[in-house]
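Chains as they are written, first to last, in the numbering used here: chain A, 1 to 388; chain B, 1001 to 1290; chain C, 2001 to 2322.
Just so you know, the hints here were simulated from the structure itself, not pulled from any lab data.
In silico DMTMM-like cross-links for lysine to aspartate or glutamate, where the CA-CA straight-line distance does not exceed 25 angstroms:
hint	chain 1	residue 1	chain 2	residue 2
1	A	K172	A	D228
2	A	K252	B	D1137
3	A	K296	B	D1113
4	A	K247	B	D1137
Values in this document were obtained by computation on a predicted structure and should not be read as measured data.
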Amino acid sequence: MSRSRPGPSPYALALPALALAAIGLATTAPKAMAQDLQIAIPAELTGSGASVGVLWRDGAEMAIDELNAKGGILGHKLTYTVYDTQTNPSVSRAVIQKALDGHPYAVLGPVYSGSVMVDEPLTQKAGITEIMGGVADNLTAAGDPTIFRTTAAQSQVLMPAVIYMKDTLHAKRVAMIWVNDDYGIGGHKAMQADLKKAGLQLVVDDSAEAGQISFAPDILKIRAAHPDAIFVYLHEEENARLMKGLKQQGIKSPIMGGTVTDQQTIKLAGGAAEGALSIGGMDISAPVPAVAAFHKRFLARFHVEPDHNALQAYMAVWMIKAGTEKMGKADAKGLAAALHGMTITPDKQPGILFPMHILANGDIDNGSLLTTVKGGQQVVLKVIPPAQ
Amino acid sequence: MFWLLAQLLVAGLAIGAIYALIAIGFSLLWQGAQTVNFAQGDFVSLPAFAILGFTALGLPLWLAIPAALAVAVLVLGLLFKRVLVQPMLHHGVLQLAIATMALSIFLENVLKDTGGAEAYPFPGLTGGFNLGALFLDWQSLTVLAVTVVTVSALNAFLSRTRTGRAMQATAQNPSVARLLGIDVERMIMLTFVINAVLVTLAAVLISPVYLVKFDNGGQIGLTAFSAAIVGGFNQVRGAVVGGLLLGVVETFAATYGPDQYRTAVPMVLLILFVLFRPHGLLGRREERRV
Amino acid sequence: MMRGRPGALLATALAGILAVGLLSFVLEPYGVYLLSLWAVYTVAAIGLNLTLGYAGQISLAQATFVGVGAYATALLMPHGWPFGATLALAGGLCFGLGLLFGFPALRVQGHYLAFVTLALTTLAFLVMRNEAWLTGGVQGIAHIARPVPFTSGRAFLMLCLLVLTLVTVATWWLLRSPWGRAFIALRENPIRAASLGVDVRGYTLLSFAIGAALGGVCGSLYAPLVQYVEPSPFALALSLSLLLMVVVGGSGSFLGPYVGALVAVLLPEWLRFMQDYYLVVYAMVVMLLLAVCPDGLVGLAGRMLDRQRRGHPAEPADGGKA
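Turn these sequences into a full structure, and let the hints steer you where they fit.
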């Protein structure tokens, strides 16, 4: 490298100039046409949450396109911008700021708790409705008037599962295995309390890692304890790894859990998911023709199976329509207030695939489903109607 | 009680055998080609995806596996060496190591964007038999058998054949090997090809249990590095012992230790070995070349 | 010597920081936030550049040091610790951790520091997640207050830039000091440096520990910037991302971290049209850069400027004006 240069180094000016140009280009937020309603969709497109966020985005996109084809909301077209949170709270905060700079009508997403935690204060401050995909209880517990979700919070469906294990499975001794992340830890806490309330004994309390390779230790712990029921609170892949091993080891205790009857679990676990039971919020497995039709349209468009995230994002768009029509005008700051306490039914809003009631804290009460796996298919045993 | 310990031992050895296969390739690359491959875990994912891809195209499994092997040899062997390692190596070992980190990000995202973000099932053996209270499943037994055969064959090749000895000489000192008339370039290429074969085998063995997902490589790779360090770098034996030991220790620790820290076990072992026995269980002390 | 004239390098860095500060007045909150993120990551990248660029050691623990700094700040500020004190503590704590883990790893040759730091990052993540009594576990620590008077987005950016300026000047001074000359000798040729009496191991350890300390400083800015701390941002991915920042900018180059962090923060923006494909492109660019131009974008720019100057002897004056 040359040691002495005549005059000031050329990069002294070139580099900052370049940088300025770059930043100037990068930081203009999209602004919607006056009459359009701009929807911001922050989602986990890359990073560890990608398998969730991509489906969330696809569900929202599909709903917006369908809605626009039917004439939009009160004559307004919807436009949308997708933002990648990279499954990273610091990036999530950046993209939500960018979305808010563009004055969106509503925010749909993200799904991961950490990302919602950093977004929520900003949307609240801006008075913009945020409908997110997280299930953790604490997300709606802070009294934020602008946060909503489109599925049951995790603790809403755990007590029914405990009661089912006690009354129908006649279980006294329960083994629980849970995944050591925000989903599993939240479920574990609620479950411990619920089991105690119901007078059931927790004989194995075992945590697993997301992405854990070998489940042999967990299976052997369960095998040694001879529980009356096994409560599995893992993600789909871990469900499959565990349940295959349980079957292989000839452990016959009934399995109940969070996602053990999901289509993805069935696909991954093969025959090992047979007979598993789950109580969950109304979602993609609901025995409703409209959900089946949604499933078909989604598959035709994206060539991947939709999951509950896709369905939630889809319904969230139609929630916005319902709330806006209730107000009679497109008022971004009034949307949240309009949604609270609302009951939306499919006969009025065909995109809402089953009735939903929105609670005061932004949670949803739309009933729950008891499902099992029979012949490689998820089968609904019972629809538990909403409390209201 | 005895059946439980025996059962844990079998499970630990079965998973450890797969770690061993991956760690052997990792060691060979480090020794033979100064390549610290941080993408080794993702190297296992690629053939797994390829096998699923070929079966989706209608090939039966017994044809899909050799087809995927061919892809692995081409991409993870030849292309990896020619396109990435060769141009990078004269910039230094450090630059190459960082390049493999970028390669890991690249592979994971290519797999995600082309293969999909969700997990896929993978065909494997089911069932097994009881030996007293001990249950032995065909999948684990196959893993162990394949590993034993592979390692023995590799050992025989390295110590008994001309080419194998030439490879070892190249790994120990390429300049001397060159003076002895060994085609060093060819030997190094062979190292990459062997690694590609090993990761394909590992993919076939681990995927029925672990499933196939774009980011599975991270966890596998991490454990394989530890196995290689714990075993000692300069011999195939080292990686084998390291892999098996890690599999067993991990399994027992997850059963009897605090399960919130189960993934800490390989990492703690790694740090302890670097502290107290940096050349590993079977490695030679004078190993300072890389 | 530093590559290029040392005074000009410092002037360039400071001019860049000043320009960013001025630019923030015409940007919306999002732009201001991104610039803050840039400043924060640059601090960590400068630290890592000392380890990687000067001492030639791969550290994959920078994310851990950022995490330690972030948690220390998030935990202590509510107890009335002034921000400056938490910043100093975060730096000091990470310096100590760097010595503790660097010492055994650097006793052995090879890439052992890379492996030990890889293990450390994995372990630290587990501690942050599992020890909820201290860290809040997966629910993390929310609503972290920013230090008064830097509560608004723009004011906090100014604080980040102030810290970055101090770090820039300190690093520049360090590299000009006798210690720094040893660092540079180490970068140019470790064997020759050893034969000239430089304590290679000692300086390598020192560079790692200083790098770690700057990771801690980065963390103590990160916590009040994002106002939320949880374990996942401090996993291995951040270490890799910081490492790539240093490489893309140019490892061992004074200006490298500033440029590398800028690329990393803005690239997802530039490649927005590719949606989820941008990481594929980024990884490819990194590999290409490593193969073709191992001294990174700054090296590339320098080479292009040199060539231009040689090709057109009258050019420098114009180049200076542009």
